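With the hints as your guide, set chain B onto chain A.
Quick note, the sequences are listed as chains A and B, same order. Quick note, in my numbering, the first sequence goes up one by one and the last residue is 677. Quick note, in my numbering, the second sequence goes up one by one and the last residue is 953.
Derived by calculation from the structure, the hints in this document are not laboratory data. One should not assume that every hint holds.
Think about it this way: if two alpha-carbon atoms lie no more than 30 Å apart in a straight line, the pair counts; the simulated DSS-like pairs of lysine-lysine are [unchecked claim]:
| hint | chain 1 | residue 1 | chain 2 | residue 2 |
| --- | --- | --- | --- | --- |
| 1 | B | Lys945 | A | Lys182 |
| 2 | A | Lys249 | B | Lys896 |
| 3 | A | Lys241 | B | Lys896 |
| 4 | A | Lys652 | A | Lys597 |
| 5 | A | Lys249 | B | Lys781 |
| 6 | B | Lys911 | A | Lys249 |
| 7 | A | Lys182 | A | Lys10 |
| 8 | A | Lys380 | B | Lys896 |
| 9 | B | Lys911 | A | Lys142 |
| 10 | A | Lys182 | B | Lys896 |
| 11 | A | Lys445 | A | Lys142 |
| 12 | A | Lys303 | A | Lys373 |
| 13 | B | Lys860 | B | Lys911 |
| 14 | B | Lys872 | A | Lys241 |
Computed from a prediction, not measured in an experiment: that's the story for all the values here.
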Amino acid sequence: MADLFGITGKIARVDLTTETVTVIEPAEEIYRKYLGGSAMGAYFLFKEGIFDPKLDPLGPDNLLQFMIGPVTGAAPNARITLVTKSPYNIFCASTCGGHFGSELKYAGWDGIQVVGKASKPVYLAVMDDTIEIRDASHVWGKGVEEAELILKSEVLAELESREGMIRDADLNPEWAALRPPKRLGMHAKRLAHVMAIGPGGENQVWYSCVVTEGARAAGRWGAGAVMGSKNLKAVVVRGTKGHKLADKKTFLALVSGIQKSERGDYFWRSYGTAGIGANSAYVEDAFPIRNWQWCSWADPHVKAITGPFMDQTSFVRKVSCYGCNLHCLYPVEVTSSDPLMDGTMSDMPDWEAMGMVGGNLGYMEMDGVDPDKPFTGSVKDQAEHLAKLQYTTFIHDDNSLDFIEGGANIALLMELVQRGFIDSGDLDGIDLQWGDVHAVDELVKKICARDGIGDKLAQGTYETARYFAELKGKPEIMNYSMTAHHYGQPAHDVRSPADKNAMEYVTVNRACAHTGGGTAGFKTGDWAAAIAGQNVSAAQNSLVHCQFPAGHWAGSRIDLIKAATGWSDFSDEDLQLVGAREYALSRLFEIHIRQLKDPKAEWDRQVPPRWFNDPLPTGSQKGAVAYEGKPDVLFNEALPAYWKERGWTEDKGVPTLDTLKKLGIDDVAGTVASEHL
Amino acid sequence: MAEIKRRDEAPKPEKEPKKTETSASGVSRREFLVGSGAGVAGLVIGGVIGNQVIGKPAAPAVEAPAAEAPAEGEVSLYKAGYNLVFDSVQCTGCMICAEACSEKYATFLHPEETANVVSLEFARIRPMRFQYVDVINVCSYCNLYEWAEGSSEFPCEAVCPEDAIITVPEGEGEEGYYGMGYKWVDREKCLGIDKCWRCAEICEDQFASGMSFDPIDRKAQVCSRCGGDPECVKACPEPGALTWVPAARNGRYFANHPSDYAELLYRKIYNHVREL
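If we strip away everything but chain B, and leave its shape as in the complex, we get:
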């Protein structure tokens, strides 16, 4: 019988855990990251929101086996397999995800300018209402396929003339904002919407509409999945509407134009054919 491998299981340790430098809390940054995703017993006190496991380092009372740390530069298959999934039947279009996202990144990137302002324009996730359906518009993490398209990059990454859209290798980057093999925009390199919109254009041309531009320095913004702990998922009030789950690796099969998606939802929910 063929061995069935579940993607949502933690990778089994095959060798002795690598000794790594430990942080103040007694758990290394890497262990923390891997542990938080894998939900290894003893290492993580699990708070569960939706299907998302939120890791908190526990006091290492007993020696717990740590998950295997991936080799340098290698993206953990396990974490990379996570994706944002939304259920348009459960979503009510209340915009709380967008407010949470926008607030987080406005404060991170422009703390002074936004000290007194609440705006949705910094949100990487943005629900759009098409009357009776709501479409959650967010980057789906589409990948090109090497065998067909000559590359395995993200399409926005592939067309960026400045290499400003980068994939931050797992374990690197500032805690809570990026890492885990997720997308980030290098704002020093990005030319801004007034000079270049190739990333947004190719996204809308062939995939969805996951790029947006912030209103202050007009640079590209794209969902970084908050480095593996998405703020929007934590903020969402509707059970099951927005979840962070081990799902298909290539997001291109989730991705649709907002208006195309709305048409699909009209078909699905109301049995109506509409042109939007």
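Isolated chain A (complex conformation):
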């Protein structure tokens, strides 16, 4: 085989049932088509037959993939994408920062695929070419923070370990008399990186995530539950082989250019996504407050969710992913008069957390005061509100739960209590009122343990609503489920024209993702631009690099791919094709695994009723509803036009055989597509 650059050409396939590890070596052609990350993951979902509708996402046959791309490794802002069939029976391609992605490339792999189910808890120890399946019973049940640190030292200790060689005689007599050598050998370095699940993942809570470095998560669509279903606690990687590049000099010059550009980006370098709080937040009238009943406070002086206030109150450090100069994660130590929260180590909260487990749970108002009333509290009250937010972030992270879906789930319950549909009797005696962090704490523990009512709630927001709608015989309960395509809406609303467009959540290939891109195109009805935005975003998840510094990458992205791989004719058009392939594959995947006969009615129209029924009650965009209140225009004009632009059928949104052929994926997806055309 010719020398490969950028990529290693090797993907490890671990079968936990048979306890075997094999190596897949995809042709370079496949890498050019899919790059890696999410697009490559989607390709394997087809190649390995994971689209089979009968395949249980939490059964042993599901395929969990940790995928990286050609620039992951020496390039900055490295991420890793987890691709699998989600427990929600949807497409899962969830990305995560930290150092794990780079370390995996340094170990000589383009990805790890896990199938089967271990008979007892295990973890994977990846040390360059060696991959071992090891017993993890001693960390099963532990939170991600503790488990990560234990496994890291375990693997490292073994790698580093050498017996004691120093003897007293090697030292000067005076020295030996003072401090004789302990003869422990070498043992001190801790260089591995770990992705792990906590109790939420172990108990297969549908919305559990996979966490690295304590607070970075492949958060959405439930990859943690798939990991838990395989009895896989963690993956530990230590790589020493480096990243092979076609043109190292050019590559490093481009990297240095990106890093220098990032250094001037004081939006991220000041507060990370908490800076959005200071800039737009509820000023755009698109912030989740009490399960989206409000999207802004009457009083713009609610400042606990702003970057500057968080920094003044609690930021103690800033933390980067590999090679990044934006350091968007700010760890905190929670300070509160409430002993439950005081002293907890947490992070930020970031934008999604401050929305979904902050405003959405009613944390930011004074007791008994509605969001449309003036804020009467002091700065100290705001600090306490922030503490509640940070503590709730922590309990989700440490138990490996997605706080976006988790926040949507709990907020739904709180609204059902508020409206009298359910009461504490339905929640195992927990009196769930807006803003009550103790009740939330108890409930999250029940969900993690799948204890009592927690077992029902562990299946996410949509199933929670359905459960209570059936139990109470009140179908109107479904109106309060803030889910699009059965998955919780993240902290950007579509009713306010200042934030996201409804089409974005309707068309994005990963249910209700807020990072799908194409916003500007959707707002102006320029479908080609919207599609280009979505394709770039999908390509970023395939490369895999972070979206936050996308502006710094924009001019160098293609050159960086060329310098890494040596594909001298790789162009912007090729990058667009990668995204188009991922979109076509994931669309077919979802239509097929759910066996949708009428995808528009059964899938695309499954959006929160609140979008069209409840105009924004306060704020700068008061009175606004989604898509100017015209769902028929959205679903009967805009959506078919978008599908047409993609080369999909206008009635069902199925990629045509012609389109698949143009994309060069008719061989993997043609049969499935013809079933649904």
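Then chain B, alone, in the frame of chain A:
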């Protein structure tokens, strides 16, 4: 009143500057080295990164007084007093220092093998992440004390059976890589990790974890401070995170095991007691 001597001041010339052979740029290698550290006006165009003065020889338009050159074999107290200092609150764990270091030494020692490879394994400085804290792991330049430990050598130097760890006297060695009284590993003499790891073991046994081994010929590597102009300090993007400053001479008071240091940082930053 007692005279207060500042360590970060240039030594005052007490006699006429010694005439030395001048290089092409008009400044001798020794003058350049001394000047760069001392920041003598007129001799140096100062670029300042952090607290580090980067010397560039200026055209000697006016005759500038050169700092006193130390006697042969004598280590300049002034330069030797410099040390790498890192602030774990400012450090973000981005690994840019390690990449810069690794790149420099990979290219220097193994230009052919690493022509197409970026690897962190050649780095003498290596941040380690313990979730919420980052520890920068690098040789601290610990010294033994003659009155207590019977020697004033570096501990790794003291236990090396082959005398492979050497201190390059100031002014000697290849420009940009060593000199200035800093540590260097004689790769001809070093036995390599497969036969001997005494240097690394004594470091981890009593001080920190400053030694590592390169993946190609498996010889010991230790921070040489790039001969007084550390690449990592120049690469670091965070103001104040990694600096090259006149600090305590004996690095042993900076040195800790990575995991011990992480525990200390958890105490300091988060008021948490953790076992790592």
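Status of each hint after checking the structure:
Between Lys945/B and Lys182/A, the direct Cα distance comes to roughly 28 Å. Compliance with the 30 Å bound is thereby established for this hinted pair. Distance hint between Lys249/A and Lys896/B is fulfilled; the C-alpha atoms sit about 26 Å from each other, no more than 30 Å. At most 30 Å may separate the alpha-carbon atoms for a hinted pair to count; Lys241/A and Lys896/B meet this at roughly 16 Å. For the hint pairing Lys652/A with Lys597/A, the CA-to-CA distance comes to about 9 Å; that is within 30 Å, so the pair holds.
Proposed proximity of Lys249/A and Lys781/B is supported: the alpha carbons are some 13 Å apart, at most 30 Å. A hinted pair counts as satisfied when its Cα atoms are at most 30 Å apart, and Lys911/B with Lys249/A qualifies at roughly 19 Å. Of the supplied pair hints, the one linking Lys182/A and Lys10/A is violated, its CA atoms being roughly 42 Å apart against a limit of 30 Å. The straight-line distance between the Cα atoms of Lys380/A and Lys896/B is roughly 57 Å, outside the 30 Å bound, and the hint therefore fails.
Distance check on the hinted pair: Lys911/B and Lys142/A sit about 41 Å apart at the alpha-carbon level, beyond 30 Å; violated. Pair hint Lys182/A plus Lys896/B holds up; C-alpha atoms about 24 Å apart against a cutoff of 30 Å. A threshold of 30 Å between alpha carbons decides the hint, and for Lys445/A with Lys142/A the separation of about 13 Å falls inside it, so the pair holds. Among the hinted pairs, Lys303/A with Lys373/A is consistent with the structure: their alpha-carbon atoms are about 15 Å apart, no more than 30 Å.
Among the hinted pairs, Lys860/B with Lys911/B is consistent with the structure: their alpha-carbon atoms are about 20 Å apart, no more than 30 Å. Between the alpha carbons of Lys872/B and Lys241/A the distance comes to roughly 22 Å, so the proposed pair stays at or under 30 Å and holds.
In this structure, the hints that do not hold are numbers 7, 8 and 9, in rising order.
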